[in-house]
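Keeping their order, the protein sequence lines are chains A and B. In terms of my numbering, the numbers along the first sequence are unbroken and rise by one, the last being 438. In terms of my numbering, the numbers along the second sequence are unbroken and rise by one, the last being 141.
No incorrect hints appear here.
Keeping only pairs whose Cα atoms sit at most 30 angstroms apart, straight-line, the calculated DSSO-like set for lysine-lysine is:
no., chain 1, residue 1, chain 2, residue 2
1, A, Lys374, A, Lys394
2, A, Lys374, B, Lys67
3, B, Lys97, A, Lys374
4, B, Lys109, B, Lys44
5, B, Lys67, A, Lys425
6, B, Lys48, B, Lys67
7, B, Lys96, A, Lys374
8, B, Lys83, B, Lys35
9, B, Lys48, B, Lys96
10, B, Lys35, B, Lys109
11, B, Lys35, B, Lys67
12, A, Lys374, B, Lys48
13, B, Lys35, B, Lys96
14, A, Lys394, A, Lys425
15, B, Lys97, B, Lys48
16, A, Lys425, B, Lys44
17, B, Lys35, A, Lys425
18, B, Lys48, B, Lys109
19, B, Lys67, B, Lys83
20, B, Lys96, A, Lys425
21, B, Lys44, B, Lys96
22, A, Lys425, B, Lys48
23, A, Lys425, B, Lys97
24, A, Lys425, B, Lys83
25, B, Lys67, B, Lys44
26, B, Lys109, B, Lys67
27, A, Lys425, A, Lys374
28, B, Lys44, B, Lys97
29, B, Lys44, B, Lys83
30, B, Lys67, A, Lys394
31, B, Lys48, B, Lys35
32, A, Lys374, B, Lys83
By construction, these hints were calculated from the structure, which means they are not laboratory data. Every value quoted in this text rests on a predicted model; they were computed, and no experiment measured them.
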Amino acid sequence: TQTVSQSDAHVTVFEGDSVELRCNYSYGGSIYLSWYIQHHGRGLQFLLKYYSGNPVVQGVNGFEAEFSKSDSSFHLRKASVHWSDSAVYFCAVRRTGGYKVVFGSGTRLLVSP
Amino acid sequence: GGIITQTPKFLIGQEGQKLTLKCQQNFNHDTMYWYRQDSGKGLRLIYYSITENDLQKGDLSEGYDASREKKSSFSLTVTSAQKNEMAVFLCASSIVRGGSQNTLYFGAGTRLSVL
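Chain A on its own, in the form it takes in the complex (with noise of 0.2 angstroms):
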């Protein structure tokens, strides 16, 4: 079973700080991961994904992930973030070769002006 933990549920930043949101699966084979966003009311964006090669993706709007073999870990960071990327961040694995895909408890971005 494939399990994703996303241990902040809250985080708060000023607009121009750096974030990272922090993502850690459990599971032992070959898996997909990816991080969506979801602005309030509406449905969840995708923003990148990971599967194998660089361990550090870009993704849509200057976000990054890097996957950690080692810390099971696929955490997503900005530079410098803006009052519109307040939302929920969503992380979320796929097994390689299956269908089902569990998502992470999310994690709400504020970015204060």
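Since the structure of chain A is provided, determine the placement of chain B on it from the hints.
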């Protein structure tokens, strides 16, 4: 580009009522999903469908039925609404192969309230 349309946007039901939520996608995607999102919580998988006429139970399938009679549509039925239940139901779709494999595309959700 494509779109996922969920209807209705808001659904108010009575305790014990059978309620049906609909989802349509024009991506021509093979796989479709239904997730439940409770306030302040993550997404829990209710049902998914790998292709037309296929149904697979997720972690939260008890109390729900699903139907995938066409590739483009996936409906979810709450078999007996629970009093004071409030949640958002999210539909998503994905292709099986290709560059966008593993990317889920979501609808805007159906917000359920049970009186």
